[in-house]
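Guided by the hints, dock chain B onto chain A, whose structure is given.
Here's the letter readout for the chains.
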Amino acid sequence: EVQLVQSGAEVKKPGESLTISCKTSGYRFSTYWIGWVRQLPGKGLEWMGIIYPTDSDTRYSPSFQGQVTISADQSTTTAYLQWSSLKASDSAMYYCARQWKFSSPNYGFEYWGQGTLVTVSS
Amino acid sequence: IQLTQSPSSLSASVGDRVSITCRASQGVSSYLTWYQQKPGKAPKLLIYAASTLQSGVPSRFSGSGSGTDFTLTISSLQPEDFATYYCQQLNSYPHTFGQGTKVEIK
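Keeping their order, the protein sequence lines are chains A and B.
All residue numbers for the first sequence refer to my numbering, where the first residue is 1 and numbers rise by one.
All residue numbers for the second sequence refer to my numbering, where the first residue is 123 and numbers rise by one.
Excised from the complex, chain A in its bound form (with noise of 0.2 Å):
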């Protein structure tokens, strides 16, 4: 059975760095698109950004680009977005889900994790 299960809620202040997890299991971690949504509360979703972790191919948003950095370990099947300093807007929901096709990021998620809640605040 495939799994995504993210890190647990956060909460932090401005300024602060963060990383949460996703730990994926029941597939081969390395052949498959796997990325990063954010939800802001009551609000649509915005693509973040994707990671094949076979070779680390990362493509992300221009919105996100240089804001955030996702990465992957295939040691332990996990993939990660961090970021080096928070600001208040940065409070939402993040889901982490894994491209349904094998090697290809052309359509769409089917696994999702279950979220992680980043509040930050001062």
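Calculated directly from the structure, the hints in this document are not laboratory data.
Quick caveat: nothing in here was measured; it's all calculated off a predicted structure.
A hint or two may mislead.
Claimed, not checked - Which residues of chain A face chain B? A partial, calculated answer using Cβ under 10 Å:
1) 47
2) 49
3) 52
4) 60
5) 69
6) 95
7) 97
8) 103
9) 115
Claimed, not checked - Simulated crosslink set (DMTMM-like; lysine to aspartate or glutamate; CA at most 25 Å straight-line):
10) B:166 x B:191
11) B:224 x A:1
12) B:166 x A:110
Just so it is clear, CB atoms sit at the ideal spot from N, CA and C, and this is done for glycine as well.
The following block gives chain B in isolation, referenced to the frame of chain A:
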């Protein structure tokens, strides 16, 4: 590429036929996916490649279109279908989502 869904919300009754459109600012071929999201839950993939029903999704859901204009149709709305629906283009980066269409009970 920007995706514009219409309507942004709609009210419908159980048994109604419902259609949601998604228009892309540039052609996306058939790389268009539809999701359903219920409050407090992660999205669920319904249709990929514009018209292919994901395994396990009820056949009352269907998708059509290519290029810039796409439609998600629910042939007979069921109580469990009240949710927000999003389209996403996966033709070119960034893989943008539409703004969502909320389907509410009339």
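Checked hints:
no.	hint	verdict
1	47	5 Å, holds
2	49	8 Å, holds
3	52	13 Å, violated
4	60	7 Å, holds
5	69	16 Å, violated
6	95	6 Å, holds
7	97	8 Å, holds
8	103	14 Å, violated
9	115	6 Å, holds
10	B:166 x B:191	22 Å, holds
11	B:224 x A:1	31 Å, violated
12	B:166 x A:110	7 Å, holds
Checked against the numbered hints given earlier, this structure breaks hints 3, 5, 8, 11; the rest are met.
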